[in-house]
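*Asks:* Here is how the chains run, residue by residue.
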Amino acid sequence: MQFAVLMGFVLAASSPMLNRWFGERTSLVLALFPALMAIWLFSQAPIVMSEGSLLLEWSWVPSLGISLSFLLDGLSLLFGLLITVIGTFVLIYAGGYLKGHTDIARFHLALVAFMASMLGLVLADGLLTLFVFWELTSITSYLLIGFNHTDMEARKSARQGLFVTVAGGLALMAGLVLLGGASGSWSFYEIGQMESDLREHSLYTPMLICLLLGAFTKSAQFPFHFWLPSAMAAPTPVSAYLHSATMVKAGIYLLARLHPELGGTALWIGILSVVGAITMLTGAFLAIHHTNIKKLLAYSTIMALGTLTMLLGIGSEYAMTAFVTFLLAHSMYKGALFMVAGILDHETGTKDVTAMGGLRSAMPITAVIAFVAALSLAGVPPLFGFIGKELMLEAALGAERFDMLLVLFAFLAAILTIAVAAIIAFRPFYGRQIETPKTPHEAPFSMLIGPAVLALGSLVLGLAPAMLGADALLTSAATAVVGEPLQVSLSLWYGINMALIMSIASLGLGFLLFKRWDGVRSKLAMLAPAMRHGPEAGYEGLMNGIVRFSEWQTRLLQNGYMRNYILVMLVVLIALIGNSILVRHAPQLALTLDVRFHEVIVAGTMVMGALFATISRSRLGALVSVGIMGFSIALIFILFSAPDLGITQLLVETMTVILLVLVLFRLPRFSNLSTTLERIRDGAVAAMMGILIFLLIMTAWSINQFEPISMYMVENSAPLAYGRNIVNVILVDYRALDTLGEMFVLALAAIGVIAMLKLRHGENESKSVEGENGEKASVKEPYDG
Amino acid sequence: MVKSGTIILNTAARFLMPLQLMFSIFLLLRGHDEPGGGFIAGLVAAGAFTLYLFAFGVSATKEVLRMVDPRDLIGAGLLLGMISVVPAWFMGQPFLTAQWWTIPVIDFKASTPLIFDVGVYFAVLGSVMGMVMALMEVDKDEP
Numbered sequence: 001m002q003f004a005v006l007m008g009f010v011l012a013a014s015s016p017m018l019n020r021w022f023g024e025r026t027s028l029v030l031a032l033f034p035a036l037m038a039i040w041l042f043s044q045a046p047i048v049m050s051e052g053s054l055l056l057e058w059s060w061v062p063s064l065g066i067s068l069s070f071l072l073d074g075l076s077l078l079f080g081l082l083i084t085v086i087g088t089f090v091l092i093y094a095g096g097y098l099k100g101h102t103d104i105a106r107f108h109l110a111l112v113a114f115m116a117s118m119l120g121l122v123l124a125d126g127l128l129t130l131f132v133f134w135e136l137t138s139i140t141s142y143l144l145i146g147f148n149h150t151d152m153e154a155r156k157s158a159r160q161g162l163f164v165t166v167a168g169g170l171a172l173m174a175g176l177v178l179l180g181g182a183s184g185s186w187s188f189y190e191i192g193q194m195e196s197d198l199r200e201h202s203l204y205t206p207m208l209i210c211l212l213l214g215a216f217t218k219s220a221q222f223p224f225h226f227w228l229p230s231a232m233a234a235p236t237p238v239s240a241y242l243h244s245a246t247m248v249k250a251g252i253y254l255l256a257r258l259h260p261e262l263g264g265t266a267l268w269i270g271i272l273s274v275v276g277a278i279t280m281l282t283g284a285f286l287a288i289h290h291t292n293i294k295k296l297l298a299y300s301t302i303m304a305l306g307t308l309t310m311l312l313g314i315g316s317e318y319a320m321t322a323f324v325t326f327l328l329a330h331s332m333y334k335g336a337l338f339m340v341a342g343i344l345d346h347e348t349g350t351k352d353v354t355a356m357g358g359l360r361s362a363m364p365i366t367a368v369i370a371f372v373a374a375l376s377l378a379g380v381p382p383l384f385g386f387i388g389k390e391l392m393l394e395a396a397l398g399a400e401r402f403d404m405l406l407v408l409f410a411f412l413a414a415i416l417t418i419a420v421a422a423i424i425a426f427r428p429f430y431g432r433q434i435e436t437p438k439t440p441h442e443a444p445f446s447m448l449i450g451p452a453v454l455a456l457g458s459l460v461l462g463l464a465p466a467m468l469g470a471d472a473l474l475t476s477a478a479t480a481v482v483g484e485p486l487q488v489s490l491s492l493w494y495g496i497n498m499a500l501i502m503s504i505a506s507l508g509l510g511f512l513l514f515k516r517w518d519g520v521r522s523k524l525a526m527l528a529p530a531m532r533h534g535p536e537a538g539y540e541g542l543m544n545g546i547v548r549f550s551e552w553q554t555r556l557l558q559n560g561y562m563r564n565y566i567l568v569m570l571v572v573l574i575a576l577i578g579n580s581i582l583v584r585h586a587p588q589l590a591l592t593l594d595v596r597f598h599e600v601i602v603a604g605t606m607v608m609g610a611l612f613a614t615i616s617r618s619r620l621g622a623l624v625s626v627g628i629m630g631f632s633i634a635l636i637f638i639l640f641s642a643p644d645l646g647i648t649q650l651l652v653e654t655m656t657v658i659l660l661v662l663v664l665f666r667l668p669r670f671s672n673l674s675t676t677l678e679r680i681r682d683g684a685v686a687a688m689m690g691i692l693i694f695l696l697i698m699t700a701w702s703i704n705q706f707e708p709i710s711m712y713m714v715e716n717s718a719p720l721a722y723g724r725n726i727v728n729v730i731l732v733d734y735r736a737l738d739t740l741g742e743m744f745v746l747a748l749a750a751i752g753v754i755a756m757l758k759l760r761h762g763e764n765e766s767k768s769v770e771g772e773n774g775e776k777a778s779v780k781e782p783y784d785g
Numbered sequence: 786m787v788k789s790g791t792i793i794l795n796t797a798a799r800f801l802m803p804l805q806l807m808f809s810i811f812l813l814l815r816g817h818d819e820p821g822g823g824f825i826a827g828l829v830a831a832g833a834f835t836l837y838l839f840a841f842g843v844s845a846t847k848e849v850l851r852m853v854d855p856r857d858l859i860g861a862g863l864l865l866g867m868i869s870v871v872p873a874w875f876m877g878q879p880f881l882t883a884q885w886w887t888i889p890v891i892d893f894k895a896s897t898p899l900i901f902d903v904g905v906y907f908a909v910l911g912s913v914m915g916m917v918m919a920l921m922e923v924d925k926d927e928p
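If you read the sequences in order, they're chains U and B. So that you can map any letter, position 584 of the first sequence is 584 in this note's numbering, and since no number is skipped, the others follow by simple counting. The number in this note's numbering is simply the position in the second sequence, starting from 1, with 785 added.
The hints are simulated quantities; they were obtained by calculation from the structure and are not laboratory data. Don't take every hint at face value.
Pulled a few chain U residues facing chain B out of the computed Cβ check, cut under 7 Å [to be verified]:
1) 644
2) 658
3) 660
4) 724
5) 728
6) 736
7) 740
8) 741
9) 743
10) 748
11) 750
To spell it out: a stretch of chain B is covered by chain U in this simulated footprint if at least three of its residues, at any positions, have a beta carbon under 8 Å from a beta carbon of chain U; those stretches are [what the hints assert, rightly or not]:
12) 808-819
13) 843-851
14) 869-883
15) 904-918
Backbone N, C-alpha and C fix where the C-beta goes; we use that ideal spot for every residue, glycine too.
Make the full structure from the sequences, and use the hints.
*Replies:* Printed below as a string of structure tokens:
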């Protein structure tokens, strides 16, 4: 399982290369990956259904009990199949949609990386594994929304999506850490097996709230829903895949995963069902404001996500059956509808449904697909969506708390959704033919196959729900969500009951709303001024506030003068460390002088160098004398038999001098020297710093609070790490993780320096006449040592 | 102003650079047992190229580097570092656990720490060269 996920990332990394080899067929080649994964998941299905779950574990940080483990149970199987099956079609579809696009390689890379991250997310068993993949989906989603990076709107939307989901991710991490701490385990599987009840734990409330914040931001629940419609700036295959079928369901997945352990309390039921219901109605209500077909679909996705959250909140067995059914149904019809929207956009050149009409004759197959998928969205029998909606209404009617509210909201949302479905099914395809920017014609096969299969699936599963083992799949998924065995058996006909009556009534009212849509929309337009004060305005306000705050504190703290930074840092250091040494260790300090003659000479050289550096009137002179100090330190290292440190110090010193010399040429002469008062102040700070370091060394020398670890390293270096050079063994073996981190820091610093230099370089070329300003800027040239 | 053009420096640089590079590889390979290692070796190699850079200028050095951009070296270094993390995983051990293989004929100890060290080497070399060359390039164009 882990190799499969890893394969995805390797494939993503190599996709630019594949692109060179296969050209336009790359999408098809890449689609093999999710297709094979889907087949593998299908092959595991019988095992999962009989055993309940499959667990695979690899050690990661054993000392903290953290491992990279993967879990395949009914729930992850259902999600995994959605990701891989829809992913296959989306990749094929993208090949047609982005045919000839210059940046298609970048698109493939991000999309396949997303696919692997999403698979990792739903297969993860470790809490932290899940978190890592969770963040990866946020990042890949950001890259995909901002795919048209020259478009400012796309960049803004990408940033908005990233901020909202990553802020939620932060809360999620806090929640997961609380969960891991409270349960004492970092594995979902182990937590599920535990006797103790986490609901009784004293940290239950903060834990749940943090986890819910993570899930709600990811799954665009009210009041965080605003990022999802903005995310429609992404190319349509991305909207179909990430922003309806998979990524936005990650939050829902997390809630479902946590339900057996954390669900069922008054807090859980209250928050989830009410927030879910509000999201459901908000999404459906906002949908009919829009004529942009992708926004219509995005808001109806919000409605569906709200419904799923609400069902998890209700928590009855009925609700869970409804949950898994609605989940499957929604992914199928919404994926198909988004792809249809992409076809319409691609073939007509507009996204506005009111600017299309009579396309039925030009695009007959698309019209049929749109019709079938929209019927499923509307919940008309015999489509699979009907079963989902029926169960959802039934679950709302049977809710233990807030049942009247939930039923009312569900009914209103159903009416609005039916109107949306009708708009998409009829508006572009029937009525008067309208001139569109492009002359419409039927889409290529690669773009039709995906939506066609998904729409057909909605029909087949509706007519015969037991086909293709859907019953068994949903049973095992629902079992995983409930935490105990549950039998799901679906059928189109449950007899005449309240839910059916509501369904029929909503169909009528929804169709009426569709007929009056144009009038209703102009009435709704009057509400626009009030709508501006929604959560999105809050987000904008918050962002602007953060920017203003950073500007203020940057002006205050970061005045651009290196000398001020150093002064502040040193004073703080002296105050904190000096205080601690004097208060806690002063009586223990002892000084024994046992100095050799040559040591005195080296030390004397250093003092001379330091003195000369402070009084020198030229930069080069100061630099050279600092260099002398550096080389003397290297000498000391070598005298005390640390050749590695000595060599390193020598080389670093040489490189520093070279780099500084290169920078020095760009600096003007000392323009204003310090005043006497400043010199006294600086001298005092420097002297105190010297005394502090002296005290620090004495402290380190005379106080041993722990057994030094160096002996362990000396003893084990050769037998365990096969190396006699301990310094090197520490760097590349004992503490290789630290070194790895340092390598990244070094690389980032170098890239930062290169970027800044190149950037200034470019500026100079464009405005080469500004002599005085240019000089002033070069004084402030930041230097990263 | 940096490109010197003195005969002594030019001649010395021409002969010293390959020697320094060989020395850096020597330091890299012996690092696990004797003083040396990727960081030091990387700095020595960077020193070699910097000397050449001072003697012959940026464009000549770029030719010597044969189209290898220092920034690519940084990437290669990080990639090698990350690659050395993985083998332990396949052996069912925690990440970064050192793996050792002996290549029989030449009796050479190959290991993930060595791969890691080569990664450090490239990262250091690339970082320093990237910064120095960027600084030199800015210099070149300004009066």
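*Asks:* Each hint should be assessed against the structure and marked as holding or not.
*Replies:* Quick rundown of the hints versus the structure:
1. Interface hint at residue 644 (chain U): satisfied, since its Cβ lies 5 Å from the closest Cβ of chain B, which is below the 7 Å cut-off.
2. Restraint check, residue 658 (chain U) versus chain B: the minimum CB separation of about 6 Å is within 7 Å; hint holds.
3. At a threshold of 7 Å, the smallest CB-CB gap from residue 660 (chain U) to chain B is about 10 Å, leaving the interface hint violated.
4. Satisfaction of the interface hint for residue 724 (chain U) is found here, the shortest Cβ-Cβ separation to chain B being roughly 4 Å, below the 7 Å cut-off.
5. Interface restraint check for residue 728 (chain U): the shortest CB-CB distance to chain B comes to about 4 Å, inside 7 Å, so the restraint holds.
6. At its closest, the beta carbon of residue 736 (chain U) sits 5 Å from a beta carbon of chain B; the interface hint therefore holds under the 7 Å criterion.
7. At its closest, the beta carbon of residue 740 (chain U) sits 5 Å from a beta carbon of chain B; the interface hint therefore holds under the 7 Å criterion.
8. Nearest Cβ of chain B to the Cβ of residue 741 (chain U): about 10 Å, over the 7 Å cut. The hint is violated.
9. Interface restraint check for residue 743 (chain U): the shortest CB-CB distance to chain B comes to about 5 Å, inside 7 Å, so the restraint holds.
10. Checking residue 748 (chain U) against chain B: minimum C-beta separation of about 9 Å lies over 7 Å; hint violated.
11. Taken as an interface hint, residue 750 (chain U) checks out: its beta carbon lies about 4 Å from the nearest beta carbon of chain B, inside 7 Å.
12. For the segment 808-819 of chain B, the stated coverage by chain U holds: 4 residues have a C-beta nearer than 8 Å to a C-beta of that chain, and at least 3 were required.
13. With 0 residues having a beta carbon nearer than 8 Å to a beta carbon of chain U, the segment 843-851 of chain B misses the requirement of three or more and the stated coverage is violated.
14. Beta-carbon proximity to chain U at under 8 Å applies to 9 residues in the segment 869-883 of chain B; the threshold of 3 is reached and the given coverage holds.
15. Under a criterion of three residues with beta carbons nearer than 8 Å to beta carbons of chain U, the stated coverage of the segment 904-918 of chain B is upheld, 10 such residues being counted.
Checked against the numbered hints above, the structure breaks hints 3, 8, 10, 13 and satisfies the rest.
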